[in-house]
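The two chains are supplied separately, each in an independent frame; assemble them into the complex guided by the hints.
The listed protein sequences derive, respectively, from chains A and B.
All residue numbers for the first sequence refer to our numbering, where the first residue is 1 and numbers rise by one.
All residue numbers for the second sequence refer to our numbering, where the first residue is 271 and numbers rise by one.
Mixed in with the good hints there might be a few duds.
Here are some, though not all, of the chain A residues that point toward chain B, as calculated from beta-carbon distances under 7 angstroms [said to hold, decoys possible]:
{"hint": "1", "residue": "R102"}
{"hint": "2", "residue": "M107"}
{"hint": "3", "residue": "F115"}
{"hint": "4", "residue": "G131"}
{"hint": "5", "residue": "T183"}
{"hint": "6", "residue": "V244"}
Calculated from the structure, these hints are not laboratory results.
Since the model is a prediction, treat every value here as computed from it, not as a measurement.
Heads up, the beta-carbon is just placed ideally off N, CA and C, and yes, glycines get one too.
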Amino acid sequence: MAEEKMPEQFSVDPSVNEHEIKFHCENCQVYYGENHAIKDVEVDLLDKTVTAFIGPSGCGKSTFLRCLNRMNDTIDVARVEGTFQLDGEEIYDKQVDPVQLRAKVGMVFQKPNPFPKSIYDNVAYGPKIHGLTKSKAELDELVEKALRRGAIWDEVKDRLDAPGTGLSGGQQQRLCIARAVATEPEVLLMDEPCSALDPIATAQVEELIDELRENYSVVIVTHSMQQAARVSQKTAFFHLGNLVEYDDTGTIFTNPKDPRTESYITGRIG
Amino acid sequence: MTDATAQGAAAAPAGKTRTSLYTLDEGTKRRNAAEARFKAYGVTAICAGLFFLVVLFVSIISSGVPAFTRMVVEFDLTLTQEQYDDAESQVLKTAAYQAVFIEAFEAELNEAGVDAEFDAAALERMVGKTGGIIRSHFQANPDDIGSPVTFELPAASRIDGYFNGRLKREDVQDSRFLMVSDLDLADTLYEAGIIHNAFNWTFIFGSDSGVDNPGGAGIGVSVVGSFFMMLVVLALSLPIGVAASIYLEEFAAKNWFTDLIEVNISNLAAVPSIVFGILGLAVFIQFMGLPQSAPLVGGLVLTLMTLPTIIIATRSSLKAVPPSIRDAALGVGASKMQAVFHHVLPLAMPGILTGTIIGLAQALGETAPLLLIGMVGFVARAYPEGFMSGFTEANSVMPAQIYTWAARADQSFYEKAWGGIIILLIFLLTMNIIAIILRRRFERRW
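With the rest of the complex left out, here is chain B (with noise of 0.2 angstroms):
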């Protein structure tokens, strides 16, 4: 055998032209031109992918960030005692503040030095009727009777539209919402400094507004809304979904009814989403009778859907756990259970944890089978009334919020569905970051 191999060895050269190494011969070339071609094409679809994300994020900022802040009007009033029983004891109790705020505000312009025309009816469409708003505060506040407070009221939606670049001159129409002329009162009281952008509170902490208040409009109830849905998918779904992915990976039986549990489970991992809302508007809606555009239904609907998502991937990652850990866990004696708790799940757990963080992202973005049970935008109009009732008061969530003011016709409502694509997208990195820290944390090697 030997001799055999140094016979051959030896009888090779003769038979073929010596070649050398520095010249490349025609295989060696083209297989050389079909790597650089591949690694081409790898870098083209990276960048590709790169220049989309580019733009999303770049229209995404850019059409969201004008809903972060608003045109305010700032003033300061002092109203005295005697205009405040004045005013209490008139029929028309509102008009009579409206009076006073008139009064202030050409104070106001007077201080800043600013000579400008307007009247009230001007004042109006451009503040709206600040009468009520002084009322109420005086009321709530009655120490402040009789020492200056300063005012921020907001800008009307068109006002803010204006500054913002939403809103052109030349586009503007006389109407009983904004004359042309309220345009240079603007420009005059934003170069005193009276009207100024300022943070908007309201969008983060506020509630969905009518259809023809766009600056009243605020993303916060249906942030609540979306935060209790989701504690009900989380504390249903992980559980649910571990213990399935457990039983049906180390303890089950591989048999035809395992082997169908888990096609349907891949099959209903790739169910259209609104046929789970249209499930859940008939089982837990019209046959339990749980309350309609409640959270927790909402939770029950995704959490069908999230499932199939923690299932797999909890399966997934128990089986990438080497079954020389099994072996070592039952060869000291260790029970099946014992085994898969002490060893097997413990080693899992960053693939269980990422896969269901990823399907509870996926949950919190989730909208079409929201707005078959009811979850639409313009219910999120206050804040549920205690943690219990969270879970069953009519409420919204972040995408359906969100669809609802994209399909609104004022142009305002536009860039505050843009804002809320934003915070919803805080929302998801901060999950995102979550499951990378988890991970880290679990990770162990072996």
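Here chain A stands alone, though its shape is the one from the complex (with noise of 0.2 angstroms):
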């Protein structure tokens, strides 16, 4: 009776195996207070590659997540201990300003977000506060650039100031995704980027990632397993705050080791 309908194809690619490792994480604990949300997870994410978050709702996936731009710091209960480190080097180091992380680290949100201002300040904000151009032009093109990289330019670029609010919520996503790539990151967090979209803008969203994968390392955390299975090549399933099991997707959907991946992807668990 609970006969998943399994994905035929998966984004396979062996080779992201041999890409240098982007993110190290290792002995991760998160404490809400008194809540326990992240146990001992250790993880090595690559770059150039897309890592999916699964499991069912509140285990662990967007918390661990938000760790890794330090987004958890806005959260006064939130409490973060371990090793993460962002290419050899220590993020939660005191030295460490989450200000120039977040530059390198990325984020994009459940819902769409853009700010109430136009399409070009959207995506120009970022790099006018990180100080990247020298010039009206260059930062023009730098703003076609990332919404290029957005999929989103040949959309807007006749109304560049017109109010981001304005779009529809698949154009406002790729407008929140453009904005992220404006600041040139080396990682692109995506925490649930499609749960709001229709089909057709989850699928211009997944075309999307895909095409980021060329220069960054990006992660993304889904409830839909079809999605894992279509843009990520290495997914970690977590459940109850533990990372149950990291590999390639094809293998997490097809020969999960852990019975209790098996039973969240047939739909036992979740």
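As structure tokens, this is what we get:
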């Protein structure tokens, strides 16, 4: 009866395992007050690879994602322990300013959240505050490049002054992706980027994620196992704060080693 | 699972009698009745509110409008150079001018074809001592000597009261202020158009007068007092209030100490204003030695009173900005301060401005604490000499002026008090309109 329809196509790329390690995480713990939300997670995230975090609601996958660019710092009760190394540098080191870290590790959120400003200003904001450009012409060029990478340039090139909030949901999310890549990050974190989108917009964003893999290390949290299978090369399965299994996406979906992973992908838990 | 649902659905009609959609069951009837009753309560409440609002406005306007007009006695007077020289050479100069006035007044009556008996004393009761006014006019404008000049002199407040119905003929008893026969003369002059109604500019631009001169009372000086006081309130409470709210809402750690501050701010908002008045008297005047009755001190006291309102309004509008905007800004690498000042604050602006203007409007209407620091109505006797001295020179404010007038014995001050309320309401209305316009301008959708 619980015969989950398995995706037929995997985004298989056996060469990813030879990519260098971007993020090295070891012995990671996160506490929300008394609640131990992330337990002993150990994972190496690869460069130029899409890594999917899957798992039932409340399993800690979003929490772990937010640790990677220190967004949990904004939550008073959250406490993070363990080793999080980006290119061998500890991101929770006292010398690290989260602002510089977030310029390197961009983030796209679950709900499209463009600023209530023009499309141009949405994308230009990051480069402006980081002083990436010296002139208006340079900034224009950077905005165009970011919007092209966000696969939304053709739709908005004639109305860059229009408010970003006036776009459709899918366009808004691609605008947010363009905004995130405008600061030239090295890692792009995506927290359920398609959960508020219709299937067509989802397909567009997924295609975009696949293109972004050329330049970035992409980490995506998703509730849709089909999506994880379609876009990712590596998959991590979280359950009750533990990282249960981390392997090539094809292996996770066809030949999981842990019984909990198998139960989840076949629809028995979650 | 699917099978179970299908069975359940099939089994249900068997156990129940089939009901029609066209007949209402008891429960539905009760719920509909309750809903209709609730709507009726609401409509009644709104109607009662509107009724009292209308009563309030009608009574304010009908009682206050007479303050904006007054009866004036109008006459032409030509003063020759000889008359001027003659009057100036006498010992009692104003008396000489008084004689000139009576002469001119008689000529005015003849010209209008009015046959009326009057004596100098009756004229004095009606328009007061005019000699001084005439003299000072010609001294200030020597070029007018020899050519006809039209004078409009305010009638005595009792004559004013007689015409606007405040003073009934049957209530008048002969006194040194007014004789019954004066009313006949006034009626005659009114028909002849020599006494007529005119707009009372003195009320708008004048200062407070003595208790025996309601006709000369004006609210202008206390409007200026209110202006300087509100400048102080705005300049202090807006930056302090907004900075405090931003710090508390966006930066401060949530611990027992910030909780304590929050509770105290809420409590301060509920402290009676007279307590702030006593505090101002003790701290600003007695301890710090600032001048009494000064708009500066009034502004300081009202800043203390307005701050909690502004802080509470600002914090709630900061809270209302969706957290996703903060996440978005932090996510592209903005610092916390950049996120607040570039994104959160602009979105919270309409709420902050509305809260601020409500706070300021409250301060503008505040009376009790200002009476305690000496900003009572009778202090408002002259305009400040310069901009800076406007803060420190003794002055009153509109509501305190109104309170002072309302407390005076002379009936004519009563209508001045209502007129002052109209002026105050006009200022408050203007502030509310500004609040609405600013809100519209800053409002953005997201």
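Here's how the hints hold up against the structure:
1. For the restraint placing R102(A) at the interface with chain B, the shortest Cβ-Cβ distance is roughly 4 angstroms, inside the 7 angstroms limit, so the hint holds.
2. The beta carbon of M107(A) comes within 4 angstroms of a beta carbon in chain B, closer than 7 angstroms, and the hint placing it at the interface holds.
3. Annotation: F115(A) was flagged as interfacial toward chain B, and the flag holds, the nearest CB pair being 6 angstroms apart, inside 7 angstroms.
4. With a cut of 7 angstroms, the hint placing G131(A) at the interface with chain B is violated, because the nearest CB-to-CB distance is about 11 angstroms.
5. Evaluation of the T183(A) hint against chain B yields a held restraint, the C-beta minimum of about 6 angstroms falling below 7 angstroms.
6. At its closest, the beta carbon of V244(A) sits 27 angstroms from a beta carbon of chain B; the interface hint therefore is violated under the 7 angstroms criterion.
The structure fails to meet hints 4, 6 from the earlier list, while all remaining hints are met.
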